[in-house]
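Visitor: Throughout the sequence shown, residue numbering follows mature numbering (1 follows the signal peptide of the UniProt record, and there is no 0), covering -24 to -1, 1 to 104 in sequence.
FYI, nobody ran anything at the bench for these hints, they're computed from the structure.
All C-beta atoms in this analysis are idealised placements derived from N, C-alpha and C, irrespective of residue type, glycine included.
Treat the hints with care, since some could be wrong.
Unchecked claim - Between beta-carbon pairs, the in silico distance windows are:
hint: 1; residue 1: Thr13; residue 2: Asp92; range: 44 to 52 Å
hint: 2; residue 1: Val65; residue 2: Thr6; range: 58 to 66 Å
hint: 3; residue 1: Val48; residue 2: Val68; range: 28 to 36 Å
hint: 4; residue 1: Val65; residue 2: Thr96; range: 31 to 39 Å
hint: 5; residue 1: Trp66; residue 2: Cys(-17); range: 34 to 42 Å
hint: 6; residue 1: Leu8; residue 2: Phe45; range: 49 to 57 Å
hint: 7; residue 1: Gln51; residue 2: Asn15; range: 20 to 28 Å
hint: 8; residue 1: Gly44; residue 2: Asp4; range: 50 to 58 Å
hint: 9; residue 1: Trp66; residue 2: Arg(-20); range: 53 to 61 Å
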Amino acid sequence: MKYTRAFCLAVLALLSSVPFVTFAVCDDPTKLCNPITYNNLTEFFLAILDVVVQFSLVLIVFFLVYAGFQFVTAQGNSEKLQKAKQMLVWIVVGAFVILGVRVIRMAICGTLQQIDVQVTCKATNAEI
């Protein structure tokens, strides 16, 4: 009973502070301000895709090092070597898929821009 009352009071205090938090975001309290810096849904999804690709590239490097470690620790054991080879193959396949997503996205955006379709294809600094 004691914890239920404390929990209810904490929830009430948090809910009563919500209007102050929302007014702190905008200069004009009569308008809804967009906290996201992207203007439309396409730019938002492209930004998410860029983050996922960059994070995946870090994971690919990590797993390549791990696969190399598996090769070294196999020490001639054919079963462990086969497992390490299979891991390396799937890492390379995953890398091609991840990089293929970026290439396909850039190709589609370039094609749409050439036929004068208004599309946002913002490139990040990481793209070549």
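Visitor: Determine for every hint whether it applies to the structure shown.
Guide: Against the structure, the hints:
The supplied range of 44 to 52 Å is broken by threonine 13 and aspartate 92, whose beta-carbon atoms lie about 27 Å from each other. The hinted window of 58 to 66 Å between valine 65 and threonine 6 holds, with their beta carbons roughly 59 Å apart. Between valine 48 and valine 68, the C-beta spacing of about 18 Å breaks the proposed range 28 to 36 Å. The given range of 31 to 39 Å is respected by valine 65 and threonine 96, whose C-beta atoms sit roughly 36 Å from each other.
Taking 34 to 42 Å as the suggested C-beta distance range, the pair tryptophan 66 and cysteine -17 does not conform, at roughly 51 Å. Here the CB-CB span from leucine 8 to phenylalanine 45 is close to 52 Å, well matched to the stated 49 to 57 Å. Between glutamine 51 and asparagine 15 the C-beta distance comes to about 56 Å, which lies outside the given range of 20 to 28 Å. Judged by the Cβ atoms, the range 50 to 58 Å given for glycine 44 and aspartate 4 holds: they are separated by roughly 57 Å.
Range check, tryptophan 66 to arginine -20: about 54 Å between beta-carbon atoms, so the 53 to 61 Å window is met.
In summary, the structure is inconsistent with hints 1, 3, 5 and 7 from the numbered list given earlier, while agreeing with the others.
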